[in-house]
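Student: Here is how the chains run, residue by residue.
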Amino acid sequence: MQELVSQLGLDWKLLLSQGANFLIVVGVLTALVYRPLLKILKERREKIELGVKAGEMAEVKLAEIETERNTKLKEIEVQAISIVRASEDQAKKKAEEILGRAEEKSEGLIKNAQEIIDQKEKEALKVLDDKAVALVKEALVKTVLLKPEEIDEKLIGQAISDLKTS
Amino acid sequence: MKANIEKDYAKAFVALLDMKMKEEDVIAGLINTVRKNFHESKMAKIVNEIEKLLVKSSGGKNIVCQSARELSVENKNRIKAEFSKDDQINFSVNKELVAGVRFVFDETTELDKSFRHKLKVLFS
Chain C
261 MQELVSQLGL DWKLLLSQGA NFLIVVGVLT ALVYRPLLKI LKERREKIEL GVKAGEMAEV
321 KLAEIETERN TKLKEIEVQA ISIVRASEDQ AKKKAEEILG RAEEKSEGLI KNAQEIIDQK
381 EKEALKVLDD KAVALVKEAL VKTVLLKPEE IDEKLIGQAI SDLKTS
Chain Z
21 MKANIEKDYA KAFVALLDMK MKEEDVIAGL INTVRKNFHE SKMAKIVNEI EKLLVKSSGG
81 KNIVCQSARE LSVENKNRIK AEFSKDDQIN FSVNKELVAG VRFVFDETTE LDKSFRHKLK
141 VLFS
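Going line by line, the protein sequences match chains C and Z. Under my numbering, the letters of the first sequence match residues 261 to 426, in that order. Under my numbering, the letters of the second sequence match residues 21 to 144, in that order.
None of these hints come from the bench; they were simulated from the model. Here the structure is a predicted model, which means the values were calculated and not measured. Note that beta-carbon positions come from the ideal geometry of N, C-alpha and C, so glycine has one too. Check before you lean on any hint, since a few could be wrong.
Unchecked claim - Below, simulated EDC-like cross-link-like pairs (lysine to aspartate or glutamate); rule was C-alpha separation at most 20 Å, straight line:
| hint | chain 1 | residue 1 | chain 2 | residue 2 |
| --- | --- | --- | --- | --- |
| 1 | Z | Lys96 | C | Glu364 |
| 2 | Z | Lys100 | C | Asp422 |
| 3 | C | Lys402 | Z | Glu90 |
| 4 | C | Lys414 | Z | Glu102 |
| 5 | Z | Lys115 | C | Glu409 |
As the list claims (entries may be wrong) - Here are the computed distance ranges between Cβ atoms for each label pair:
| hint | chain 1 | residue 1 | chain 2 | residue 2 | range |
| --- | --- | --- | --- | --- | --- |
| 6 | C | Leu406 | Z | Val67 | 52 to 60 Å |
| 7 | C | Leu388 | Z | Phe58 | 54 to 62 Å |
| 8 | Z | Phe143 | C | Leu406 | 14 to 22 Å |
The following block holds chain C by itself, in its conformation from the complex:
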C-alpha cells in the first residue's frame, strides 16, 4: 500500500492540508453563500406561492363577484320590469280616467248645448207664437171694427143676461 502511494506520488501531509483547505472552503461557502442563497430561494418560493394563492383567491372572488353581479342584474331587471309594468298599468288607468272624465265633460257639454238649443227653439217658437197671436188678434179686431154695432149688441145682451142671473 505504502509502495502504491509512493509510486502514485501522493504526499499524505499535502493531501491532508488540501483536504483541510477544501473543508474550510466548503464550510465558508456553506455559511456565507449556500445558506443565504437557500434562504433567498425559499423566501422567493414562498412569495411566489403566496402570489399564486392570492391570484387563485382573487379569481374565486372575481367569479363570486361576477355571479353576484349577474344575480343583482337579474334582480334589477326583474324589478325594472315590474316597475315598468306598474307604471304602464298606472298610465293605462290614468288614461282611462282622463278618457272617462273627458267623455263625461263632453257629454255634459253636449247636454248643455242641447239644452241651450232647446231653450232657443222654445224662445223662437214663443216669439213666433206671440207674433201669430198678435196678428190674429189684430185681424179679429179689424174684422170686428168693420161692423162693431152687431158685436156690441150681442155682448151687451150677454152682459144684461149675466146681470139678471147674478
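Chain C is already provided as a structure; the job is to place chain Z on it using the hints.
Tutor: For chain Z alone, kept in the frame of chain C given last:
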C-alpha cells in the same frame, strides 16, 4: 201709504151730513176749506168721492159701465133697468175694449163682456 186727500174730504163731508148739520152749511164749509188749502183743482174728484160715499151710505152701488163706443140711449136704459134706483151708474168710453161693455162694481168686482176680454181668454 199714499194719502188720498179727495177721500178724506169726502169722508169728512159725509160724516158732517150724518151729524144732521145743515146741507148748505156743510157745502159752504167744504168749499171754504178746499179754497183755504188751495185744493180747487181736486174739486171734481172730491165731488166724485162724495157721490160714491153717499151712494154707499144709502145702500147702493157705484157702478162704472165702460163701452167701446158711446152707448145708445136705448142700451143705457136697458142697462139701468138691471140696477136699483140707489145704484149710481157712470157711463164712460174705453176704445181699448174694441166692442162690448165692462162693468166695475164699487171698484172691487167686475163683469167684463168686452171683445178685448174675449180675446184675452181665447189666447191665454
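Student: Now tell me, hint by hint, if it's right for this structure.
Tutor: Do the hints match the structure? See the list:
no.: 1; hint: Lys96(Z) to Glu364(C); result: violated, 72 Å
no.: 2; hint: Lys100(Z) to Asp422(C); result: holds, 14 Å
no.: 3; hint: Lys402(C) to Glu90(Z); result: holds, 19 Å
no.: 4; hint: Lys414(C) to Glu102(Z); result: holds, 17 Å
no.: 5; hint: Lys115(Z) to Glu409(C); result: holds, 14 Å
no.: 6; hint: Leu406(C) to Val67(Z): 52 to 60 Å; result: violated, 40 Å
no.: 7; hint: Leu388(C) to Phe58(Z): 54 to 62 Å; result: holds, 55 Å
no.: 8; hint: Phe143(Z) to Leu406(C): 14 to 22 Å; result: holds, 21 Å
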